[in-house]
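Following the hints, put chain B in place on chain A, whose structure we already have.
Residue numbers (this note's numbering), protein chains in the order written: chain A, 1 to 121; chain B, 1 to 116.
A portion of the hints provided could be inaccurate.
To be verified - What follows is a list of derived Cβ distance ranges for each label pair:
| id | chain 1 | residue 1 | chain 2 | residue 2 | range |
| --- | --- | --- | --- | --- | --- |
| 1 | A | Pro81 | B | Ser80 | 45 to 51 Å |
| 2 | A | Met40 | B | Tyr64 | 25 to 31 Å |
| 3 | A | Leu96 | B | Ala98 | 39 to 45 Å |
| 4 | B | Glu17 | A | Arg85 | 38 to 44 Å |
These are calculated hints, taken from the structure and not from any lab test. On a predicted model such as this, the values are computed, not experimentally measured, just so you know. Positions of the beta carbon are idealized from the N, C-alpha and C atoms, including for glycine.
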Amino acid sequence: DAGVIQSPRHEVTEMGQEVTLRCKPISGHDYLFWYRQTMMRGLELLIYFNNNVPIDDSGMPEDRFSAKMPNASFSTLKIQPSEPRDSAVYFCASSLAARGQTGVVGNSPLHFGNGTRLTVT
Amino acid sequence: AQKITQTQPGMFVQEKEAVTLDCTYDTSDQSYGLFWYKQPSSGEMIFLIYQGSYDEQNATEGRYSLNFQKARKSANLVISASQLGDSAMYFCAMREGAGSQGNLIFGKGTKLSVKP
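Chain A with its partners taken away, still in its complex shape (with noise of 0.2 Å):
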């Protein structure tokens, strides 16, 4: 069973440069999350996905971030143009809804790619 895949691994670009990130869900996941990592600010979500559809995109720095997610298989984090601060390890990760559960908060972990290392220079 494949987990989250996610693509490049690593990316070096230079400042001003469109950055575009990948992921692929683990099938049948309901839910797509993109995290940013970072030594100062730890894990911060900037966006997640439910169906398909953006819930939560208060996280996205600025409009230099765009994320999309045209269909349950895939989904691409932009940044255009890149600056030397969004320097980062980007984590891709998805979760199935729980089914059966009302009232409660949903005990579904994140499955999490294995990231992509952006370096802006």
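Showing chain B alone in chain A's frame:
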């Protein structure tokens, strides 16, 4: 205020001994869930254990157990019989809100080093 607080930036433990990693949380919701993840030096995030706010018993998964003290809002991870492979960053996370299936809020993590 931080939602998840992990007060130990780094911890050392002798191989084969038990270790407790602290986590306190802040929420006004009655329904919430607490998760622990392990991040080895290779970078992947590995789910370890889950505790729901309505669960009456502390969660256990193999060598991992959760010391859940609801009144104190703490959910400490206990690793028994530490192994060298347990050396990693450990993150506590919370999902809050009745019916919520979404986002996890993560703490800053604790770096555990297991000494031979």
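Run through the hints listed earlier and report the numbers of any the structure violates, in increasing order.
3
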